[in-house]
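**Student:** If you want the building blocks of each chain, they are given just below.
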Amino acid sequence: MTTCTTSSHIYRHCVRTIAPLLFTGVVVAQNATDGWTTYHGDHTGRRHSRLAQLTPDNLHQITLAWAFATGDTASIKATPIVSNGIVYVTTPDNVWAIDARSARQIWRYTYPANEGFHIGHRGVAIDNDTVFFTTPDAHLVALDAHKGTVKWNVVIADAKKGYWSTNAPLVIRNHVIVGVAGDFDNLPGILTSVDPKTGATQWVFYSTPPPGTAGSPSDGATGGQMWMTGTYDAQQNLLFVGTGNPTPVLNGPAREGDNRWTDSILAINPDTGKLAWGFQATRHDTHDWDAAEVPVLIDAPFNGAPSKLLLQASRNSYFYVLDRTTGRSLLTKEFATANWAKGIDQDGRPIPDAAKEPARNGRLVAPDESGGTNYRSPSFDPATGLLVVSAHDAYGIYFFRPDHGKYGWAGADYGVWGKSILRGIDYRTGAIRWQHDLGDGAAGAGVLTTASGLTFTGDTSNNVLGLRTSDGATLWHAAIGRVGNSPITYELDGRQFVLVGAGSTLYAWALPERAVAR
Amino acid sequence: MNRLQNVAESLAPVAVLLFLQPPPAAPPTPEQLQAGQRLFAAQCGFCHGRDAMGGETGPNLARSAFVRDDTTGDRMRTVLRDGRTDKGMPAFRLTDADVTAIIAFIRDQKTKADSPGARRSVDPEDLQSGNSERGRQYFNGAGRCATCHSPTGDLAGVATRLQGLELLQRMLYPSKSKVATVTVTTRSGEAVSGQLAHRDEFTIALTDSSDRYRSWRTADVTFAVNNPLDAHVEQLEKYTDDDMHNVLAYLQTLR
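These protein sequence lines are chains C and D, in that order.
So that you can map any letter, position 360 of the first sequence is 359 in numbering that gives the first Met the number 0, and since no number is skipped, the others follow by simple counting.
So that you can map any letter, position 122 of the second sequence is 121 in numbering that gives the first Met the number 0, and since no number is skipped, the others follow by simple counting.
These are computed hints drawn from the structure, not numbers from a lab.
Just so we're clear, the structure is a prediction, and the values are computed from it rather than from any experiment.
We put the CB at the ideal spot given by N, CA and C, even for glycine.
Honestly, I wouldn't trust all of these hints.
[Stated by the list, open to error] Distance condition first, Cα-Cα at most 16 Å in a straight line; then the derived EDC-like pairs of lysine to aspartate or glutamate:
| no. | chain 1 | residue 1 | chain 2 | residue 2 |
| --- | --- | --- | --- | --- |
| 1 | C | K418 | D | D229 |
| 2 | C | K355 | D | E236 |
| 3 | D | K177 | C | D439 |
| 4 | D | K111 | D | D122 |
| 5 | C | K418 | D | D122 |
| 6 | C | K355 | D | D242 |
| 7 | C | K418 | D | E200 |
| 8 | C | K418 | D | D199 |
| 9 | C | K355 | D | D240 |
| 10 | C | K355 | D | D241 |
[Unchecked claim] Just some of the chain C residues that point at chain D, by a computed CB distance under 10 Å:
| no. | residue |
| --- | --- |
| 11 | A73 |
| 12 | G161 |
| 13 | D182 |
| 14 | H283 |
| 15 | E333 |
| 16 | T336 |
| 17 | N360 |
| 18 | L363 |
| 19 | G438 |
| 20 | G440 |
| 21 | H476 |
| 22 | S503 |
[What the hints assert, rightly or not] Cβ pair distances, simulated, as ranges:
| no. | chain 1 | residue 1 | chain 2 | residue 2 | range |
| --- | --- | --- | --- | --- | --- |
| 23 | D | T94 | C | D98 | 28 to 38 Å |
| 24 | C | G438 | D | G188 | 20 to 30 Å |
| 25 | C | N57 | D | D229 | 36 to 46 Å |
| 26 | C | K160 | D | R83 | 28 to 38 Å |
| 27 | D | K111 | C | G214 | 53 to 63 Å |
| 28 | C | G438 | D | Y212 | 16 to 26 Å |
| 29 | C | S469 | D | A190 | 34 to 44 Å |
| 30 | C | P210 | D | Y212 | 31 to 41 Å |
| 31 | C | Q235 | D | T110 | 53 to 63 Å |
| 32 | D | D68 | C | K405 | 26 to 36 Å |
| 33 | C | K405 | D | T252 | 28 to 38 Å |
| 34 | C | A354 | D | G82 | 30 to 40 Å |
| 35 | C | H145 | D | Y212 | 45 to 55 Å |
| 36 | D | D229 | C | R513 | 46 to 56 Å |
So here's chain D without its partners, still in its complex pose (with noise of 0.2 Å):
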C-alpha cells in the first residue's frame, strides 16, 4: 500500500461522515410541512393521494418500503427530479425548498400511518383468513407452484421476510423479479442468452453474461423468452379468492 492510498483510506470514514451523511435531520416547521401538503395535494394528490396513502396509480408512501428505507431523503429526491416514466411517474421541476417540503409531509404522513387507527391501509391481521393446509394443497397441486418454488429452498423463511400486504402482492405477480431470459438466433445462426433487458415489437434487448447490453430488431433474427412470471400471469385467471387467501396462509406458515 503506498502512502497516498494509506492517508487516503485513512481519510475515507471522515470523509462520508463529513460529507455523505445527511446533517442531524432538524424536525420541519409546521410553515414547511403545510407548504408540502398543498405542493403534495396538487402535484402528487391524484395519484398518491392527497393524505400521500395511495390514490388512483400510484402507490400510499406512508406505508411504502421505498420510503421507509430512504432515511436521507435522497432517493425520493431524485425520483422527484428524474421521475420514474417506465412507472408512468413524471420528472418534476420544483425548487430545493419544495422538494424538502414534499418530503417533510410524506414523513409526517407516514408518523401519523404507522400510528394506531389509520386509514385506508392493509394490515398483515387483515390477512390471515386463509386456510394453511388447503393452501399448501393448492402449492403442491392445482396452482403449480412447487413447479418453480419450494418451501424450504427459494421460499425458506419467506414469512420472515415478507409480511401482509407487501408477501400477498409478491406472491400474486413479482413485479420486481427480472428473471426472464431470452435466447437470440441471427441469421447467420449466431445464438446469444442473455437475461431480457426489453422487449417490443420492434426490438428484443438482452444483457449477456459479461454485463454487456445487446439489441437487434426483431424483423432480424429468431427468439425465444422464457418468463417463469407467465406462470403468474396463468393463474390470476384460475384463483379463486379462497385459493389466493389459502395460499397466502401457507406462504404465512413458512418462517
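The shape of chain C in the complex, shown without the other chains (with noise of 0.2 Å):
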C-alpha cells in the first residue's frame, strides 16, 4: 500500500497503484499514515484510517497527550486537518495552527467581526502551503499554512442575501469546491470552484434555478445547498456532494412538484461542473432534511457483483445505496424512525405521504427537524461491512398555515422528543447489525473507525467512547464534555494519536510513550 498525500499529481499517483485491488473485496482505505489531510481523512468520505497501533486489547492503556484549549466560548465542531505535523483546527472567524507533537500554538488566524451566521465551522482544507478557511459571511480565506497571514479572500456568495459558509473546502486537483448554507431566504444552492493559486471562479453550480427561472426543473423551488464536504472519485473524475432542504421550508403547496435537486445525492465533473447524475432522497421535502450527509465511497461486492458504490444515511431516516457509475438505486431502508412515507417507489425514493406535510392543526413526525443523523460524519469499517452512523430516533410537530408566507422557512416546528443511538449498519442489505445506546436527546460527534477494529465517537452526555466494531462494544470512555466533532487519527513519531473536540478543547488521546518505545 502506498502512502497518499493531498498533493494532487501524488494522490491520482496513488489511485492507479490500488486500482488492482479493486474488486477483490472491500477497499481497504487509502489515507496518509502520518496525518489527517482532507476533511474525510481521504476523499472517499470512510472516516476509515488503517492506523493499527490501538487495539481493542491496548485502547484501555491510552492516556491524554495533550489538550489544547482554544480560550474560547464557540464550540469546536471542525474535524481537524494534521499535515506536516501541524493541526489545524476551527470554530467561526478562528483558525489555530497548533504543534500537533506538543500542542504548543503556532499561530492562530482571526476574521474580521462580521455579521454572518456564527453557528459552527467544520473546518479548513490544505493544500501544499495553502490553507483554505471558510467564513460566517461566505467569503473564502487562503492562508499561509507555516504563518497564518492571508494570501487572498474572495467573495463566494451574498451575505446580505442571506447566505453563509461553515464548510471545510474540498480541493481537488487544482479546484477548491466551495460550498454554503442559506435557509432562511429563498436562495438557489450554489457550489463554486475556485482557483487554488489566484481565488478566481472557475464554475459556479446551480442545485436549483435562481427565483423566477422559466421553465423550472424545481418547480419554483429554492435552496439545496451543498453545506457538507463532499468526496471524489478519481477514476471517474466525479465528485459526490449532497444538497439541503428546498425553501420556502415548511410551505410544500407554493413548490409542488419534486423540487429537483434539492435533498440530493449529485455527482458533479469537477472541471466543468456540470451535473453527471441526481438521486433524489426526499421528493418534495416539507421537514428540513438536507440530503447533505456525507456521500460516502466503497468499492465492493453486491448481490454478488464487484460494484463501485456510494452510501448515504440520510436526515430522513433512510439510508441509501447506489451505483455511483450511474445514480441508480440498489438499496433503500430506514435507520432511524420515520413515519412520513407510504413506501418506496421504483427508484428507491420514498414516497412521501401528503398527510404528514405540515398543516394549521400540527402533524407528529418521525423523524424531527434535526433528523435521524446530521452533519456528524459516519465512517465505513471494510472488515466488517459497517456504515456506523450516530443515529436519532425522534418526533416532531410541524405546522404551516397559509399566512405563514412563501419565504424562508414559512411555518413553525418543534422538537418532541429524541434519543441517539450509534447504529452499525450492514451496506449489502440495510440491515442493523448492532446498535449502542448515545443517551436522550441528540449527538453531536460523528464516527472514525480504524483497520485495528476500532469505533470512536461521543454520547449525549460528556463521553467520548471507544467501541469494538464489531459489535459495538464499548473498551474505553473518558467524561472529557460533550464531544462535538468527528475524531480523527494521525501517526507521529511513531506513536498512534486519537483527537476529539469536547467544547472549546482538543484532546488527544495515546498510548503512554513508554508502552509505544517497548
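Dock the two chains into a complex; use the hints.
**Tutor:** The following block contains the structure:
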C-alpha cells in the first residue's frame, strides 16, 4: 500500500497503484498514515484509518497526550486537519495552527468581525502551503499554512442576501470546491470551484435555479445548499455532494412537484461543474431534511457483483446504496424512526405521505427537524462492511398555514422527543447489525473507525467512547465534555493519536510513550 | 427579636427597592435595537431565527414563556453569559452593552409577535380541530393516559393553566417534568432510592430524600429506573394525528 498525500498529482498516482486491488473485496482506506489531510481523511468519505497501533486489547491503556483549549466560548465542531506535524482546527472566524506533538500554538488567525451566521465551522482544507477557510459571511480566505497570513480573500456568495458558510472546502487537483448555506431566504443552492492559487472562480453549479427562472426543474423551489464537504472518485473524475432542503422550507403548496435537485445526491464533474447524475433522497421535502450527509464511496461486492457504490445515511432516516457510475438505486432502507413515507417508489425514493406535510393544526412526524442523522459524519469499516452512523430516533410537530407565507422558513416546527443511538448498518442489506445507546437528545459527535477494529464517537452526556467495531461493545471512555466533532487519528513519532473536540478544547489520546517505545 | 435583626428587617424592603429592582427601563434607542438585531442575527439567528421567532433548533423567543417571565432581563443575561449547555446553547462572550442590545431586540420582537398578523406562530385557534369526546375515549382507552392522569386530579383545570402550543407540547412529552425515580442496589446489598439525577452508560446518580446527591459507577451496582415519561415516548409512535388532536381537544375542556 502506498502513502497518499493531498498533493493532487500524488493522489492520482496513489489511486492508480491501488487499482488492482479493486473488486477483490472491500478496498481498504487510502489515507496517509502520518496525517489527516482532508475533511474526511481521504476523498472517499469513509473516515476509516489503517493505523493499527491502538487495538481492542490495548485501548484501555491510552492516556491524555495533550489538550488544547482555544480559550474561546465557541464549541469545536470542526474536523481537525493534520499535515506535516501541524494540527489546524477552527471555530467561526478563527483558525488555530498547533504543534501536533505538543499542542503549542504556532499561529492563530481571526477573521474580522462580521454579520454572518456564527453557528459552527467544519474545518479547513489544505493544499501544499495554503490553508483554505470559509467565513460566516461566505468568503473564502487563503492563508499561508506556516504563518497564518492572508494570501487572498474572495467572496463566494452574497451574505447580504442570506448566504453563510461553515463549509470545509474540498481540494480536487487545481480546484477548491466550496459550498454555502442559506435556509432562511429563498436562495438558489450554489457550489463554487475556485483556483487554489488566485481565488478566481472556475465555475458555479446551481442545484436549483434562481427564483423566477422559466421552466424551472425545481418547480419553483429554491434551496438545495451544499453545505457539507463532498467526496471524489478520481477514476470517474466525479465529485459527489449532497444537497439541502428546498425553500420555502415548510410551505409545500408553494412549490408542488419533486423540487429537483433539493435533498439530493449529485455527481458533478469537478473540471466543468456539469452534472453527471442526480438521485433525490427526499422528493418534495417539507421537513428540512437535507441530504447533505456524507456520500461515502466504497468498491465492494453487491448482490455478488463487484460494484462501485455510494452509501448515504440521510437526514430523512433512510439509508441509500447507489451505483455511483449511474446514480441508480440499489437499496433503500429505514435506519432510524420514520413515519412520513407511504413506501418506496421504483427508483428507490421514499414516497412522501401528504398527510404528514406541515398543517395548521400540526402533524406529528418522525424524524424531527434535526433528522435521523445530520452533519456528524459516519464511518465505513471495510472489515465488517458496516457503515457506523450516529442515528437519532425522534419526533417533532410541524405547522404551516398560508399566512406563514412563501419566504424562508414559512411555517413552524418543534422537537418533541428524541434519543441517540450508534448503529452499525450492513451496506449489503441495510440491516442494523448492532446498536449502542448514546442517551437522550441528539449527539454531536461523528464517527471514526480504524483497521484494528476500533470505533470512536461521543454520547449525549459528556463521554468520548472507544468501541469494538464488530459488535459495538464499549472498550474505553473518558468524561471530557460533550463531543462536538468527528474524531480523527494520525501517527507522529511512531505513536498513534486520536483527536477529539469537546466544548472548546481539543484532546489528544495515545498509548503512554513508554508503552510505545517497548 | 434583637435590635440588629429588627433594623435589618425594616431596611430590607428599602434595600430591595434600591438595589434589586431594575431601574425603570428606559426604552431602547433605535441604535440599540439596530445593534441588537445585528448581533442577534449573527450570534443567535441560526438556532432562534434571525427574527428571534424560531430557527433550526432553538425556540421562538418572541413566544417564549422564559422571555415573557423574565421582566428584569436577568435570566436572559445569565443564559447568554453561561449558556445552557445541556440544551445545546453555548455561552457567549459579549460586552454588557451587547447583551443589553440583544435583550432589547428580543423584547421588541416579542412586542411585534404579540401584535396581530405576526408570522410563524401557532395560535390557540389553530389547535381547535379535534373531537373532545373521541379524545376522552382515547384518554381512557387506547391512549392509556388514565393510567397515570386524572381529569379531576393532576389535570383539573389544566386548560386554564396551559393553552395552545404549550398544552400540546406538554401533552406529547412533558420534557420539564423530572419525575423519574431510581433504586440503586450496591454490592453490599444496600438499596438507595431517590429522584433520578443523571444516567449515562457509566454513571447513575440520584438525589435522595434528604436532598443529597449520590452517584455510582453503573458497573458496580444494579439499578431500576422508573420513568413515567416512558409511556409518553411509547405513545408517540402510536398516535395518529387525529388521536393527537382529539386528546388535545379533550384536555382543552378541563378548565
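**Student:** Does each hint fit the structure? Answer for all of them.
**Tutor:** Here's how the hints hold up against the structure:
no. : hint                          : verdict
1   : K418(C) - D229(D)             : holds, 12 Å
2   : K355(C) - E236(D)             : holds, 14 Å
3   : K177(D) - D439(C)             : holds, 14 Å
4   : K111(D) - D122(D)             : holds, 15 Å
5   : K418(C) - D122(D)             : violated, 28 Å
6   : K355(C) - D242(D)             : holds, 14 Å
7   : K418(C) - E200(D)             : holds, 14 Å
8   : K418(C) - D199(D)             : holds, 12 Å
9   : K355(C) - D240(D)             : holds, 9 Å
10  : K355(C) - D241(D)             : holds, 12 Å
11  : A73                           : holds, 6 Å
12  : G161                          : holds, 8 Å
13  : D182                          : holds, 7 Å
14  : H283                          : violated, 19 Å
15  : E333                          : violated, 13 Å
16  : T336                          : holds, 7 Å
17  : N360                          : holds, 4 Å
18  : L363                          : holds, 5 Å
19  : G438                          : holds, 6 Å
20  : G440                          : holds, 8 Å
21  : H476                          : holds, 6 Å
22  : S503                          : holds, 9 Å
23  : T94(D) - D98(C): 28 to 38 Å   : holds, 33 Å
24  : G438(C) - G188(D): 20 to 30 Å : holds, 29 Å
25  : N57(C) - D229(D): 36 to 46 Å  : holds, 39 Å
26  : K160(C) - R83(D): 28 to 38 Å  : holds, 31 Å
27  : K111(D) - G214(C): 53 to 63 Å : violated, 39 Å
28  : G438(C) - Y212(D): 16 to 26 Å : holds, 19 Å
29  : S469(C) - A190(D): 34 to 44 Å : holds, 37 Å
30  : P210(C) - Y212(D): 31 to 41 Å : violated, 56 Å
31  : Q235(C) - T110(D): 53 to 63 Å : holds, 56 Å
32  : D68(D) - K405(C): 26 to 36 Å  : holds, 34 Å
33  : K405(C) - T252(D): 28 to 38 Å : holds, 36 Å
34  : A354(C) - G82(D): 30 to 40 Å  : holds, 39 Å
35  : H145(C) - Y212(D): 45 to 55 Å : holds, 50 Å
36  : D229(D) - R513(C): 46 to 56 Å : holds, 48 Å
In this structure, the earlier hints numbered 5, 14, 15, 27, 30 are contradicted, and the remaining ones agree with it.
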